[in-house]
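Enquirer: Read off the chains here:
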Amino acid sequence: MDASLPAHMRPERSFQGFILALQRFWAEQGCVILQPYDMEMGAGTFHPATTLRALGPKPWNAAYVQPSRRPKDGRYGENPNRMQHYYQFQVIMKPSPPNLQELYLKSLAAIGIDSAVHDIRFVEDDWESPTLGAWGLGWECWCDGMEVSQFTYFQQVAGFECSPVAGELTYGLERLAMYVQGVDRVYDLNFNGRDGDAKVTYGDVFLQAEREYSKHNFEVADTAMLFEQFKMAEAACRKYLDAGWKDDKREAHLMALPAYDQCIKASHVFNLLDARGVISVTERQSYILRVRELAKACGEAWIHTEAGGAA
Amino acid sequence: MPDLLLELFSEEIPARMQAKAADDLRRLVTDKLVAEGLVYEGAKAFATPRRLALTVHGIPARQPDLKTERRGPKVGAPDAAVQGFLKATGLKSLDEAKIQRDPKGDFYIGLIEKPGRDAIDVLAEILPVIIRTFPWPKSMRWGARSGKPGALNWVRPLHAITATFGLETEEPDVVKFEVDGIATGQTTYGHRFLAPGAIQVRRFEDYEAKLLDAKVVLDPDRRKDAILTDAKQLAFAQGFELVEDQNLLDEVAGLVEWPVVLMGSFEPEFLATPAEVIRATIRNNQKCFVVRDPKTGKLASKFILVANIEATDGGATIIAGNERVIRARLSDAKFFYETDLKTRLEERLPKFEQIVFHEKLGTQAARIKRIERLAAEIAPPVGADVAKATRAAHLVKADLLTEVVGEFPEVQGLMGKYYALAQGEDASVAAACEEHYKPQGPTDRVPTDPVSVAVALADKIDTLVGFWAIDEKPTGSKDPYALRRAALGVIRLIAENALRLSLMKVAASALAGLSVKPADAQKLPSDLLAFFADRLKVQLREQGARHDLVDAVFALGGQDDLLMIVRRVEALGKFLESDDGKNLLAGTKRASNILSIEEKKDKRSFDGAPDAALYGLAEEKALAKAIGEVKAEASAAVAKEDFAAAMSAMAKLRPPVDAFFDKVRVNDDDAKVRENRLKLLNEIRSATRAVADFSKIQD
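Residue numbers (the working numbering), protein chains in the order written: chain F, -2 to 308; chain G, 508 to 1206.
By construction, these hints were calculated from the structure, which means they are not laboratory data. A few of these clues could be false.
Selected chain G positions facing chain F (Cβ under 8 Å, derived; list incomplete) [said to hold, decoys possible]:
| no. | residue |
| --- | --- |
| 1 | Ala522 |
| 2 | Ala651 |
| 3 | Asn829 |
Note that the Cβ used here is the ideal one computed from N, Cα and C, for glycine as well.
Taking the hints into account, I'd like the entire structure generated from these sequences.
Expert: Printed below as a string of structure tokens:
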């Protein structure tokens, strides 16, 4: 931890200071620090900076905060740590550096988790995303019995072998910040590190949103429209993928990213429909499959783009 | 002789894979050594979260030289044959070959000598192959090399390989090889946090000692012992008792290199949640042990955790952190439990119509209906109240849809019992929710409450008949639906509760309730019965009893009352242990052997009653009389199901049988006498069939 930081910027006092400390740490490791992707998604892995950039031979090191939208996890602001919107901090390094575990442990030290007094453990956890056609091996990282991060060596994304393999770290920011701030309720997190009247809590920023979105996700979201949107996103994705080939040789693709946006869109719309309880068990599987097909097709397009490593 | 030390140092290996990996490493290396002619003295393998280690001691320094002879062409054979021989043997000219004479002429013999190689060179050749082809259940690629073809697959990234070979008294050599850019050496590393520095090692003895100094306990058994001892002591010191849990202990020992046992607490209010739910929460999610009050046997509001470090604050932060997580987990569990209590079990049932049990066997709802019907049918013969058995069968699966069971599948059944009691169900009905899954194996408790027994039988028989009907029987080591366990459960339920049940009838009824109609429906119940016979044999064998007796009893045919079969087998076993039994068996076998020889000779059988007028000798008459009496007595006893009495009756056959073989020559010159004597022998055989088919009994 940086001792020169003013009190309100220290990771154990302020949520934003906590995020900034992580960003700074990974910037120093050579990562590009991106800003959140401007679309709704269920996990930071969906960000094209992870999903698409994990594919292809080109080195890529990036870190960013990504809001995660999980409509089903909404609890109207009444659960101390479950929310339909929360933050993930995502790091991706391709190829995975040999000292990625050490870097991860140093990043914990940077946010005030000292391995001399905390029991940090790497516990088996195989990661799989059926919607992204992706899997990897790694661990959930425990700090004193609490899962604080996910650590994965990507083996496959969008149905394609990762070559070389990327290492991915996902930190649950609120949970970690609650731990270092010592609060039991997420809404009590000190957001800006100030005291008294100047203090802004996580609840000040997000509690109202949690209530409103929970109502929206579970009770009101327009399902007819959402079904339509799913179809539209699916069709648009296909259309852009088809139109993106430079020529008939299908060797170079020029529109993988816009097509992939539609895949992200379809995935989120599906999550909303699922939260509204209008998708049956058997249908559920087929929707997941449809999104996966889009993800795979986008992956296929991506590896024919310049950043994807084509020629 | 020199020793090998091998260590594969990696990122954290999943706990559940460590023991098998260590064993595989030992087996693969030692098998290969033996195959290479290097017979070692001993080997032992170890695993920690970050390393697999192997020591093999007493390996010969060199392979033995191999000498083989190869026979070549005849002396004077064409040149092509000679050249081929020279090429194959590596000889320079025929002068180097011997000439051997045999009846077909003179032949060249080439002596091929293959000198043994140094063991260290053999190791350098076999070890990389074993590493590259190591049988991890799941493995992965990593880093820059993963982009190239032929990249190493390992369970998690592999960082270092230590491989040394040498005598105790000398500086060992490094077994030199490289796997995917990792060259072997003598450097390993200590505990990730407590002593992360590099360590130079020579051989196993200093390796293990230096690791211990660097806060790594190499041997998983030592880690387990340490955890168990410390955990018991810590609990005892506070007036509690550790709830031991071998699986958890195995897992936890695979998560730490330096176990430090600590105790934490939670709010006593949580103890209002069922103890099993608290235990499952703490165990599954947090991998911690629970403790109980030794006086009451009830859980205490404490838990025991195993950390991987000696913290500078004595563990205060670690305990506080774990307590926070456990508190949050227990609040969730309490919330789930209380939520579950708000819905009656039967209100959950409609959801089962959406849940497929097996695509060919329909929904869970359909299955529950079948179990209800079968339980009602089985209830009277097992002494259960029909209404209660039906009600129980109706509810026993409902807890599968509760929050708590969704979270912790291992408390299925048990939660059903709690929820049934909470909604005011009859105690037997509630008990059946838990007990109908029993017995789960050969050592599990067998329920005795008739309602539980009826539902347990119905559940298992529906499963067996269902999977038989769709031809999903167990084969070899494959038994995905645990049908062998189900059949054994049926056997134990019947035998241990002394129940009278015609399995054929119940199976036929279960079959009639299925929507699938198998092609060979007629054969199914007897097929299934044969499966039960097999299971019974396995069970008897495991209990040390003679399984051939099961065959002897089943061979009588028409036996589908398991209890009677078991009783008959028991009585037969006891009888055969007595001298009377042994001799009668010998006599019967002798009779059978003679009969089968003569039957073959004459190409006919000798059944039918012997003619009393043809008896010439007193022993014949005595035997005929005894057979008549014994048959009647044994049949009467069997009819009364008194198998011990039937066996005692059988015992009376022994003296006349012995006397008969002593004095009477069966193959008399008079064909009629001979035929009559053979018929008498046949009578011995048929008399013993009152209790068992003696020909199936092994000596």
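Enquirer: Now, for every hint given, state plainly whether the structure supports it.
Expert: Hints, one by one, checked against the model:
no.	hint	result
1	Ala522	holds (7 Å)
2	Ala651	holds (4 Å)
3	Asn829	holds (4 Å)
In this structure, none of the earlier numbered hints is contradicted; all agree with it.
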